[in-house]
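**Q** Sequence:
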Amino acid sequence: MVFIAVFTGLMPVFLLVGLGGVLRNRLSLNAWQGLDRLNFEILFPALLFVAAASRPIEIEKLVIMAPVVWAILSVGLALGWLVRRAGPERFLDFAGTWQVAWRFNTALGLVAVGLLTHGGAGEMAVAVGMGVPVANLFAVSALSRGGALSFGATVVKVALNPFLLASLGGVVFGLMGWRLPNPIMMPIEMLARAAIPIALLSIGATMNWGALARLDRFNGAICAIKLVALPAFALGVGMGFRLDPSIASVLVVFAALPTASAAHVLASAFGADRSLVATLIAQTTLLSAISLPIWISLAELAFASR
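Going by the numbering used here, the sequence shown opens with residue 1, and the numbers climb by one from there.
What the hints contain is simulated information worked out from the structure, not anything from laboratory work.
All C-beta atoms, glycine included, are put in the ideal place defined by N, C-alpha and C.
Fair warning: there could be bad hints in the mix.
Using C-beta positions, here's what the derived DEER-type ranges look like [what the hints assert, rightly or not]:
id, residue 1, residue 2, range
1, P181, G18, 35 to 41 Å
2, V63, G271, 19 to 25 Å
3, W70, A153, 48 to 54 Å
4, F241, T8, 32 to 38 Å
Derived lysine to any residue pairs resembling SDA-like cross-links, with alpha carbons at most 25 Å apart [as the list claims (entries may be wrong)]:
id, residue 1, residue 2
5, K61, S297
6, K61, V155
7, K157, G34
8, K157, S297
9, K157, S246
10, K157, R37
11, K61, R179
12, K157, E89
13, K61, F241
14, K61, S74
15, K61, G120
16, K61, G169
17, K61, V111
18, K157, R90
19, K157, W70
20, K157, F241
21, K157, I59
22, K61, L168
23, K61, L165
24, K61, I42
25, K157, D216
26, K61, M190
27, K61, V75
28, K61, G122
29, K157, L77
30, K61, L137
31, K61, A229
32, K61, K157
33, K157, V237
34, K157, V172
35, K157, G122
36, K61, A221
37, K61, L110
38, K157, D93
39, K157, R179
40, K157, R84
Using the sequences and the accompanying hints, generate a full structural model.
**A** Below, the structure is given as structure tokens:
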């Protein structure tokens with residue numbers, strides 16, 4: 001039942017990526033790149049803000065969950081760096097793919113936690129709120145350095161990045177319990193709803209469909225880090241520190257999520273190889289249809305009986 005529920009939740013993602021592949025030649029390369037730019041500057045920042053700000057972030061859970069979330073992302077960062085030699089020769093292209101090792105699909109996470117006995121959207125909102133700014137900080141820093149910018153230019157690029165500003169703003173609103181007036185918030189929510197479908201179509205139009213069917217050494221390592229190593233780490237932390245089941249279970253699901261389509265948008269904005277990132281996103285998403293139900297089941301076995 002868990003497998004069927006998770007696969008059903010992933011089906012719209014698969015269909016939109018496939019539709020992007022079908023529509024690849026209906027739009028010019030410039031048009032697809034323009035859509036990526038629209039996502040980078042407007043649509044995904046709106047999504048990140050709404051994801052972090054739409055639910056109050058509880059201080060008590062934040063104190064427990066934030067260090068673990070940051071540790072999960074840092075483990076992905078470190079393990080991804082270890083496979084540098086097997087990756088693309090140009091550092092900017094590697095930086096684009098490197099972020100796949102720690103980024104996460106927020107929308108799927110909010111679906112997946114509905115399958116847990118303990119924990120739910122509230123805990124996932126805390127994980128997302130704490131994870132999004134750090135994930136973007138890691139990614140923007142790597143991509144900025146990959147662009148051969150000076151240290152000062154990198155700092156400015158990171159500080160003014162729309163993803164980072166939107167996610168930090170959302171966290172502040174979530175912590176403070178603030179809510180924008182409806183006439184302002186509703187257009188932001190409308191923009192947010194458009195971000196994922198457009199990104200998935202662009203991924204389908206960009207990725208190397210031939211490479212999707214085969215994992216080379218580098219892609220296989222990145223997928224293993226994201227879908228196996230990180231949730232195993234989260235499971236070990238939850239059991240070792242005897243965390244509350246509602247927190248521990250959600251942290252495992254959070255760590256097991258496939259990579260966010262935002263990775264493709266960000267890589268495109270910095271000039272990294274879009275096809276490499278798009279293919280990795282599709283690979284982690286497809287493989288998570290098998291791995292995510294397994295990790296949800298393991299989390300249930302490990303924590304639900306406490």
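**Q** Each of the hints needs a verdict: does it hold here or not?
**A** These are the hints, each one checked on the structure:
1. P181 with G18: 35 to 41 Å: holds (39 Å)
2. V63 with G271: 19 to 25 Å: violated (39 Å)
3. W70 with A153: 48 to 54 Å: Given about 26 Å between the Cβ atoms, the range is violated.
4. F241 with T8: 32 to 38 Å: Given range 32 to 38 Å: holds, Cβ gap about 33 Å.
5. K61 with S297: holds (23 Å)
6. K61 with V155: Roughly 31 Å between the alpha carbons, so the hint for K61 and V155 is violated.
7. K157 with G34: holds (20 Å)
8. K157 with S297: Not satisfied, since the Cα-Cα distance of roughly 41 Å exceeds 25 Å.
9. K157 with S246: violated (37 Å)
10. K157 with R37: Judged against 25 Å, a Cα distance of about 16 Å means the pair holds.
11. K61 with R179: Holds, at about 21 Å.
12. K157 with E89: Cα-Cα ~23 Å, so holds.
13. K61 with F241: Answer holds: K61 to F241 is near 15 Å, not above 25 Å.
14. K61 with S74: Holds: K61 and S74 sit about 20 Å apart, inside 25 Å.
15. K61 with G120: Between K61 and G120 the Cα gap is close to 13 Å, so the pair holds against 25 Å.
16. K61 with G169: holds (19 Å)
17. K61 with V111: Holds, at about 20 Å.
18. K157 with R90: holds (20 Å)
19. K157 with W70: Holds - the C-alpha atoms of W70 and K157 are around 22 Å apart, at most 25 Å.
20. K157 with F241: Answer violated: K157 to F241 is near 38 Å, above 25 Å.
21. K157 with I59: At roughly 30 Å apart (the allowed maximum being 25 Å), I59 and K157 break the hint.
22. K61 with L168: Cα-Cα ~18 Å, so holds.
23. K61 with L165: holds (23 Å)
24. K61 with I42: violated (30 Å)
25. K157 with D216: violated (32 Å)
26. K61 with M190: It is violated: about 29 Å lies between the C-alpha atoms, which goes past 25 Å.
27. K61 with V75: holds (21 Å)
28. K61 with G122: Given pair K61, G122 holds - Cα atoms ~10 Å apart, limit 25 Å.
29. K157 with L77: It holds: about 20 Å lies between the C-alpha atoms, which stays within 25 Å.
30. K61 with L137: Holds: K61 and L137 sit about 22 Å apart, inside 25 Å.
31. K61 with A229: With Cα atoms ~24 Å apart, K61 and A229 stay inside 25 Å; holds.
32. K61 with K157: Status violated; Cα separation ~31 Å.
33. K157 with V237: violated (34 Å)
34. K157 with V172: Satisfied, since the Cα-Cα distance of roughly 21 Å is no more than 25 Å.
35. K157 with G122: violated (32 Å)
36. K61 with A221: Violated. K61 to A221 sits at ~32 Å, over the 25 Å cutoff.
37. K61 with L110: Holds - the C-alpha atoms of L110 and K61 are around 17 Å apart, at most 25 Å.
38. K157 with D93: holds (18 Å)
39. K157 with R179: violated (28 Å)
40. K157 with R84: Judged against 25 Å, a Cα distance of about 24 Å means the pair holds.
Against the hints set out earlier in the document, violations occur for numbers 2, 3, 6, 8, 9, 20, 21, 24, 25, 26, 32, 33, 35, 36, 39.
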